[in-house]
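Visitor: This is what each chain is made of:
2 protein chains.
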Amino acid sequence: MINFNDAYSKVLEHTLDLGAGIVALEQSEGRILAEDILADRDFPPFDRATKDGIAINSKALKEGINSFKIEAIASAGMPQQKLSDIHNCIEIMTGAVVPKNADTVVMYEHLEIKNGHATLLKDAIAGQDVHPKGSDVVSGTVLLHKNTRIGPAEIGVLASVGKSGLKVKKLPKVCVISTGNELVEVSEIPLPHQIRKSNVLSLCAALQREGIVANPIHLKDDKSDIRKELSHILETYDTVLLSGGVSKGKFDFIPEVMADLKVGKVFHRVAQKPGKPFWFGVQPDLKTVVFSFPGNPVSTFANYHVYFLPWLYSSLGLEIRNEQVFLNGPVIAKPPLTRFVQVKTDNRKGSLWVNPVRENGSGDLTSLVHSDGFICLAPREEAYGVGELVNYIATK
Amino acid sequence: MINFNDAYSKVLEHTLDLGAGIVALEQSEGRILAEDILADRDFPPFDRATKDGIAINSKALKEGINSFKIEAIASAGMPQQKLSDIHNCIEIMTGAVVPKNADTVVMYEHLEIKNGHATLLKDAIAGQDVHPKGSDVVSGTVLLHKNTRIGPAEIGVLASVGKSGLKVKKLPKVCVISTGNELVEVSEIPLPHQIRKSNVLSLCAALQREGIVANPIHLKDDKSDIRKELSHILETYDTVLLSGGVSKGKFDFIPEVMADLKVGKVFHRVAQKPGKPFWFGVQPDLKTVVFSFPGNPVSTFANYHVYFLPWLYSSLGLEIRNEQVFLNGPVIAKPPLTRFVQVKTDNRKGSLWVNPVRENGSGDLTSLVHSDGFICLAPREEAYGVGELVNYIATK
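Chains as they are written, first to last, in full-length UniProt numbering: chain A, 1 to 396; chain B, 1 to 396.
No lab work stands behind these hints, which were simulated from the structure alone. Treat the hints with care, as some may be off.
[As the list claims (entries may be wrong)] Which residues of chain B face chain A? A partial, calculated answer using Cβ under 8 Å: (1) F43; (2) I155; (3) S202.
All residues carry an ideal CB built from backbone N, CA and C; glycine is no exception.
Given the sequences, and given the hints that come with them, work out the whole structure.
Guide: In structure tokens form, the structure reads like this:
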């Protein structure tokens, strides 16, 4: 049995480099950039009016002029115009190019317009309400760095610089496997000794949130069937997530079959609760990474969030965030087991407090819906007390 | 001009009831339940072994017996067996039904098995390692309430109770409209006075995270075209998000066209920065709700998160979460404008601190990628100082 810190380190030693591919901008939400994104021009690309009103030359202001003949109208989308006389003005709309010979915008609210002349109702300051060319960024500046997760704001930037297609990290091909003869399909009415599959559906939904469309497969508890199927799966996928089949039961064939298929065991059994029988290995020739989780829902869910997600993020070049929260209630984590305790978070005047969620053993499916994460407690003799700062792993 | 609190209240007074529809379980991630979900049987549905080992009758323990003849093997997925003699045992695997006449499980780690007999190496406690039938929930219990957002944990529960199809809230049909003659497609090379569309792509990506596939449409600054197109759009969609065309410019036709199309103006212009020219209205016959945002990226993004998302969540029956954070740096919010300031959050030993993100006016597209939310500051003479608790709206 290995301790939690060693198990976690070993998982992160076996990340995969999955390479990069091109996706359309509209398909890129949630993906991870595999290239730096540069400004293809200055932003803004021209001296841009930020108000509706008139564009004037500040020299006229210095000369004490406060009433301007309107020469023309400049609206957004029109090529740059030219103020022919600096004592005149051009009406200008937000987003329009400030005309040549003009450098200052005065908004309608500060103007009276009559008989083709605009008169200032308030002093204007040279350069006001102009967003100068290149003042946000100059052409060639890196706007988004490689390894950035693409969200709505990033999509705005990518659109602005014309990236209708872009290089993103490839996602792993993932196979999610359930084992156990007691499992039947969701649409079936189970016999008294049977239960419906649920872990694989939970895992597939969790993977979907990472943009991964996983393939769910069920294996019956039959050693030769499992061997045959797994052999094919190891060749086809980058990563295999199994749920069940790694305990000490007579029908828990997974560790044995993995050995047969030359999947190198990195570790089996971690000093943790829940999820102690976790088996982790790598097929060195195929480079397939295998996460074999114990079959009960809370164990599978905890191990997925504690080990698989950091492995995935690390493989994609993302930073792994560590969050700390205040514990609101005593919790015991006696040696030698590290504990993952389901909690519900509460933002209490700017500080994050977590309440442990009552659970009825690791087979308790319903407790997961009442929690939004796990806290990770290192083993120690003394109980963890109210107000202690502990590590938190979000699941919602 | 209306103040922020009134504008926010008025938006929430115009939520829509969009009804419900059936989706397949595999498609339900992120959707909102439109029905209560009940346990269709007890959970666990039988007395379930939680360890691999032997099942015994605790009466034998009381009689001082500590070595048990093995009668049979019970594995997960097998119908319930019966211990014929309470002085014997049945080998049992995790997930299996505890046999009739047995009530206690002893794991292999606490046993020595030799010549068809299992001998206890440690005292056993009556009932140990059995997860009793109905101890999590009894049949008929509400497991998930209507208006719950469905995530991976909820999908596990839904699968367990056989909901291969389920009733969820319908999402609004949303049309996202850009206006402005200066805009060109992302794939085009803009002329010096042009810029590429970006707001609509940002908005569509943000809506995609809510499960909404929005239709992006561009309207040129031509009043009769806008009127014609909008008339059709108002009939086709539940909600229209516009970006641009609501300022005081000569080509900002939206408010006028809305009036022509009998879209009742609820308000136009809010005492806030950014996003002051925000126009909000409802077509009472069609019940179409129109959010018309000012055209610059930061204004659109702020208004979407400040107004549209709470409106959407409220329409779907979700609770709107209020988060508070500590401000790390002085910020000015002079009357009469409420300010939305872009910030980056930092979990500092369990407390959430936000740093204002330097921005260069509301036309600054790149600042959004450096922030993870907005803080909302009510107007007041005195500057907001370091350590003040302020309201936070997440955008990432």
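Visitor: All hints are to be evaluated individually against the structure, with a verdict given for each.
Guide: Hint-by-hint comparison with the structure:
Interface hint status for B/F43: upheld, as the beta-carbon distance to the closest one in chain A is roughly 7 Å, under 8 Å. Against a cut-off of 8 Å between C-beta atoms, the interface hint on B/I155 holds, since the closest Cβ of chain A lies about 4 Å away. Interface hint at B/S202: satisfied, since its Cβ lies 4 Å from the closest Cβ of chain A, which is below the 8 Å cut-off.
Figure legend: structure checked against the earlier numbered hints; every hint is met.
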